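Student: Chains as they are written, first to last, in my numbering: chain A, 1 to 226; chain B, 1 to 257.
Calculated from the structure, these hints are not laboratory results. As the structure is a prediction and not an experimental result, all values here were calculated from the model. Worth double-checking, as some hints may not be accurate.
Per label pair, the in silico range of CB-to-CB distance [claimed, not checked]:
{"#": "1", "chain 1": "B", "residue 1": "235", "chain 2": "A", "residue 2": "5", "range": "20 to 30 Å"}
{"#": "2", "chain 1": "B", "residue 1": "87", "chain 2": "A", "residue 2": "146", "range": "49 to 59 Å"}
{"#": "3", "chain 1": "B", "residue 1": "244", "chain 2": "A", "residue 2": "218", "range": "16 to 26 Å"}
Stretch by stretch, here's where chain B covers chain A in the computed footprint (C-beta under 8 Å, at least three residues) [as the list claims (entries may be wrong)]:
{"#": "4", "segment": "4-16"}
{"#": "5", "segment": "134-140"}
The C-beta atom is built at its ideal place from N, Cα and C for all residues, glycine as well.
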Amino acid sequence: MSDHISSQFNNDIMFINSNLTKMGGICEDNLKKAIKAMTKNDSKLAEQIISKDEELDQIENQIDDVVIKTIALRQPVADDLRLLFAAIKIAAAFERIGDLIKNIGKRTLSISEEEPLKLKAPISDLGKQVNLQLTKAVNSHTTKDSKLALEVWNSDIEIDKIYNSLTIDLVAALRKKKQVEVGSHLLFIAKNLERIGDHTTEIAEMVYYIITGQQMDKSARPKKSF
Amino acid sequence: MVDKINNLKFKTKNVSVFYGSKQAINKISLDIEEKQITALIGPSGCGKSTFLRCLNRMNDVISNCSVNGKILLDGNNIYSDEIDPVLLRAKVGMVFQKPNPFPKSIFENIAYGPRIHGIGNNRAELTDLVHHSLEQAGLIDEVKDRLDDIATGLSGGQQQRICIARAIAVNPDVILMDEPCSALDPIATAKIEELMSSLSKSYTIIIVTHSMQQAGRVSQKTAFFHMGDLIEYGETPKIFTQPDQQKTQDYITGRFG
Ligand SMILES: Nc1ncnc2c1ncn2[C@@H]1O[C@H](COP(=O)(O)OP(=O)(O)OP(=O)(O)O)[C@@H](O)[C@H]1O
Ligand SMILES: [Mg+2]
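All chains, full assembly: derive it from the sequences and hints.
Tutor: See below:
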């Protein structure tokens, strides 16, 4: 990607790529902390996560600026054009993931202290699964690995399955114990994790597009979650 | 995207050109669609102009130049003995990089070709033809009150449109353009490009350009030449988003090939 005759062009592309990697790293780290904060009811950690979100917004804006400037000044084509188009979408996906993680943090703060630990365990498992996918998606971008991107895309269906069965169990448990308030927060947290999985899939789609020039066949993977 | 099927105007098969013993292009087989704009791109010296000049036998006038292979225009071999190169060059007109109007009046520049080809028998017919050609070249409003002015006094963009009008005046099928905008500013360039698009409703246009953006803006098909070889030929949007060949990609994205 960075072997253009113009060194400024190479620098701009490097800037975009390294900042996408950075956004990915922040998301992975924040998601890990969010799951931990929720499980341990750690409000200090939850607050940390919330403040970190701003950085993602800033990096997204910087990436957008460089992409717009590059398109205007260089009229890029072929793989360069695909990279720039995809960079905007990938940055937007990370930004959305950041928002969803922040929302998990906020809900963690609202959950009362006598929270039912047992209910949280499957959500924590879902979170770890989603984070694993996120790591793979970030790696597929950094190492330009279309096979890994495809793998991420194909495994989102597993996340949907876990999420679906988790919500059924959660609703059943809540009905028994009448924990409406904590229950609705936990349901939203689970839903946020499932949405993070979807954005992770979008990232994988874009990585695949950058590398191959082909769109993934979206109809081949019907969405099956609530 | 489904490829639109258009009639073929030119069919070239294994066209090679030598200047003396030096080969300039190597077995070029390229089908050019009627009433479309085809762009030829590639690094300097790759043979774009050489190939273009084959299409109206302009290479005939270069002493040590020999052309092998077959070039069919509407199915007829243009290098066969029955073909009169002068008539061929009226049917397949050419516009060059540097506008080259004759140092004569605007009127005479346009009327010259029709006169030698016996088109337009009297002054009234010729006047009509000159007006019509200037109109098609998008120039009539700018020059209609000064047809007797000397053409070389016009701006570069206007001179280039005079040259296009001159080509149109002899009723061609095809217009070849070799870097027609390289000496023009962006506005004059935009006018020529717009003109090309409207002319392509009536004429087949083949343009050589060093501007990737221009190829992208005006052409439906793009052919990439490299060191005398045709590397890739296809729909322009495809060439500029997903070229099949690494060499094409390296060239259009400005990489070391
Ligand atoms: N009249 C000539 N006599 C000898 N060699 C020639 C002649 N015209 C062109 N050549 C050679 O043939 C090759 C192709 O030249 P051509 O002019 O077709 O390239 P081009 O792609 O049009 O380049 P440019 O983009 O610089 O106009 C070059 O190596 C050139 O030096
Ligand atoms: Mg040339």
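Student: The hint says 16 to 26 Å between residue 244/B and residue 218/A; measuring C-beta to C-beta, is that right?
Tutor: Hint holds: Cβ distance 24 Å, inside 16 to 26 Å.
Student: Taking beta carbons only, do three or more residues of the segment 4-16 of chain A come closer than 8 Å to chain B?
Tutor: Answer holds; 4 residues pass the 8 Å Cβ test.
Student: Holds or violated: the segment 134-140 of chain A covered by chain B, criterion of 3 or more residues with Cβ-Cβ distance under 8 Å?
Tutor: violated (count 0)
Student: Please test the hint of 20 to 30 Å on the beta carbon pair from residue 235/B and residue 5/A.
Tutor: This hint holds: roughly 26 Å between Cβ atoms.
Student: Do the beta carbons of residue 87/B and residue 146/A sit within 49 to 59 Å of each other?
Tutor: For residue 146/A against residue 87/B, whose Cβ atoms are near 55 Å apart, the range 49 to 59 Å holds.
Hint compliance for this structure: hint 5 is the single one not met.
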